[in-house]
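*Asks:* Spelled out from the first residue to the last, the chains are:
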Amino acid sequence: MQDVVNQVINTTFGWNWPSWAIALIGYLIVAVILFAIAPFQMLFLTLYERRAIARMQDRVGPNRVGPEGIFQPLADGVKIFTKEDIVPDAADHWVHFIAPCVVVAPTMFMFVVLPWGPGMVPVDLNIGLLFFFAISSVSAVGLLMAGWASSNKFALIGAMRAVAQMVSYEIPAVISLLALVLITGSLSIVDMISYQGGLFISSRDVASVPDWGLGWFIFTPVGFLAFVAFFIAALAEGERTPFDIPEADSEIVAGYMTEYSGMKFGLFYLAQYVLNFLLCAITSVIFFGGWQGPGVGWLYAQAITPVNPQGGWVFNVLAGVLGVVYFLSKTYFFFFVMVWIRGAFARLRIDQLMDFGWKFLIPLTLVNVISAAVWVALTKWGAADGLAFVEGWSPLVRWAVAFVVTLAMNLGAYLYLARIFAHSQAERERLDDEVLESLINVV
Amino acid sequence: MDIPRGNIIVMDRRRGKLRVGQGLIQGLKVVWDHWAGSFHKNENFSQIHGTFTVEYPDERLPLPQTYRNMPVLLYDDESGHELCTGCYQCQRICPPQVIHITQAKDPVTGKMVPAATEFIIEYDACMSCGFCAEVCPFDSIKMDHVYELSTADRVSLTMRKAQLNRPISYYASIAPDLWAEVQAGAMKKLQGSIKRRPDVIGLAAVLTEKIKARRLELAAAAAAAPAAAAPAPAAPAAPAAKLTPEEKAAKLAAMKATNANKGVAAPPAKAPVELSPADAKAAKLAAIKAANAAKQAGAAAPPAEVPAELPPTDAKAAKLAAIKAANAAKKAAEQGNSE
Ligand code: SF4
Ligand code: SF4
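Order-wise, the sequence lines are chains A and B.
In this text, residue positions in the first sequence follow the numbering used here: the first is 21, and each later residue adds one.
In this text, residue positions in the second sequence follow the numbering used here: the first is 20, and each later residue adds one.
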C-alpha cells in the first residue's frame, strides 16, 4: 500500500512528502479498509450461517429482507442499535462497560497479519503466527471481565468455562501449528503461504514439481493431522458447537453475555463472528495455501513487485482478485464446515471437553510434532546433520519415504490414542455408574 | 373426507458397527444429505429430505373443510334472508359468552319475529370452539376459514351483524361437503322463517339493493291499501269483550286505513256493519282480497265487495294480511300527505 501511496503522491503529483507521512497515510488507509471489512464479514457470516443451518434442517432461513434475505443482517443491526442498553445495578459498571471492547479489539488486531492475496498483507510480521495466537488469547480476559462484572452466576460460570476452554485448547492449536512451523522454518504467515506452491508436493520440498499453487500442507500426513487437531481446537476457541459450552443456552442462559443487551451484546456477537472468520481464514491460510491456487503465482510473477518492478499493473489487479477469490472461497468453505458441524453434533459436557483436549488432542499433536521432525529430517537433512543415508535418494524418493513414515506414525498414534481414550471413557462411565448405584442403594 | 392414516415410514438409520470417529462422520453425512436435499421442495411427507417450509404470505396450504376459525352468519343469496332466527342457542352455549343477540320484534305488534336485529360476536375473546356452529338448529352460524384477523385495537374485533354476514354461496365454496349435508334442512327452515318476517326484518343489512327492492314491493302493496282498509272500520264498531292480538292488529290497521283514506280523500268503501268480532278473521281476509283486487285493477279501481260469509282460514295468514294492509295504508297516507 505504501508504495502505491508513494507513487501517487511523490511521483504523480510530485509533492515530495516525507516517508513518515507516506507510511502514516498508507497504514491509515489499510486500517480503514480492515475496520470496514471486519463488521461486514460478521454481517455476512450471520446470514450465511442462518441460511446454511436452515437448509440442514430442511428449512429456508431468512429470505424476506431483500433478495434472498441479503439485507437481513442490516435489519438485525438496526434492531440491535436501537435496543436499550441495560446495566444491572449490582454490576461493576466500568468493567462491564469495557469488557466488550476488550473482546472486540484483539479480533481486529488479528487482521493485521492476515494475508488476503499475493502481496496483500497489512503487515508481514516475521512472527505473524505467534502474534496471531498471542493476541487471540487476550479476548479471554475480556470474557472473564464480562462474566465477573455482571455479578450474575450464569455469566460467571460462562466466563469460567470460556477461559478454561480457551486456555486448554490454545495448547493443541499452537502445537499443531508448531509442526508446520518446523517444516517451513518460519513464523511468518506470508512465508507459510509461499511454501505451499507446487502440485500436491510443495515445490520447496521437491524443486522439480510444477507450481500450480496446490502444494498445500493438507496433502501431507503431518499437515492433515495438524489440520484436524487445529480445526477442532479452532471450534473450541471460536466457541462453536460442539464446544459452545461457555454460552450453552440450554444450561446457563447465554453465559458471559447474559447481562448484556443492545449494542454491547452486539459487540460480543461481532467479536465472535469475526473470530470465527479469522479462525477459518487462518485454517485456509496455513493448511490450504490461503490465496495459493492455480494461476495466482503465474499472474503475480508478471505483476509490479519489489522483485519485478517492470511488471504490468493489470497483473497486480488480476493476481489480487484471483488470490482473494481463492482465499475467501476457502475461508467460507471452512465456515460452512463449522455450520455443518453445528448442525450435526450435540454439545459436549465441560468434563468431556477437558478430557478430549488434554488426554487426546494434546498427545496427538505432540506425536505430530515428532512426525514433523522426521519429515524435516527425511526431506531436508543431509550428511552434515547425521543422515548420510538419505543423501543418495532423489528429492521425490525422499519425499515419498517421509510421506509413508509420517503417515504410519500419525495413523498408529491416532488409533492407539483413540483406543486408550475410548477405554478411559468407558472406565469412567463404569465408575460413574458404580457411584450412582451406591448412591441409589443407600438403605 | 377421509384422512389417510397408518402410513409407516421406514427410516434408514445407518446402523452398524462403528469404529473410532466413524459415528461422527456418519452424523456429518446425515446432515450433508439434508443440506443437499434441501434445494428441492418436499412435496410429500413420505420423504425425509427436502424443504418443508411453506412460505406463508406467498404460499398457503389448502385448508381442510372442517377447519374452523371464527364464526360467521349465513344469509341466503337469492332472497337475502338471514338464516338466523335469533333463537339464542348459540349465545347460551358459548363458553366465554361472547355472543350477544337482539331478537327482532314486529314494529306493529311488538311480537317476536324469527330474526335477529343485532348479532355481536366478540372475536377477541372467541376461542374458536365451534360450539355455536354445532348447536345452531338453523345452520345459520358457521365457522369461517379466514385466519388473518389482526387489528390494531381490541374494539375492532367486536364484530357486528353486518360484518358477520356471509352469503351461503361463500360457505358452500369453503366447505362444500359440510354444506351439502345440511342444505336441504336449512333451506326448508329458512322458508318457514321468511313467512313469518314482516317488512324488511331478517334481510341481511349488507344487501341494500335487496332491501330497497323489498321496500318497493311493499310500497306497491301499500298503494292498494285504501281499498283494503275498507272493512276495517267495522272492527271498532264491534262489541269486543276481549280483543285477541289479531283483532287489535286488525283494529289498528283499520284505523290507519281510515286515516289514510281521509288523507287521500278516497271514497269510503261500504262497510259490512253486520260483522261480528268472531268474524274478524274473515274480515281481514276480505281485506287482503280487496287489496289484491285493488292491486290488479289499479289504485283507481272501485273497491271490491266484501263477502261476509268467507270461510275462516289460517289465522297467521290473516294477521299477516292485516299487517300488510296496515303498512300499505300507512304508506298511502304518507303519500297522500306529501301530495
Ligand atoms: S366458537 Fe365458541 S367461543 Fe366462539 S362464538 Fe362460537 S361458541 Fe363462542
Ligand atoms: S345463529 Fe343459530 S343458534 Fe344462534 S341465534 Fe341464530 S339461529 Fe339461533
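These are computed hints drawn from the structure, not numbers from a lab.
Among the clues, some could well be false.
[Said to hold, decoys possible] Which stretches of chain B does chain A cover? Using the computed rule of at least three CB atoms under 8 Å from a CB of chain A, they are:
#1 43 to 49
#2 52 to 63
[Claimed, not checked] One side only, chain A facing chain B, incomplete, derived with CB under 7 Å:
#3 M76
#4 D78
#5 R79
#6 V80
#7 P82
#8 W360
#9 A366
#10 R367
Each residue gets a CB set at the ideal place from its N, CA and C atoms; glycine is no exception.
*Asks:* Please name the hints from earlier in the document that this structure breaks, with their numbers sorted from lowest to highest.
*Replies:* 7, 9, 10
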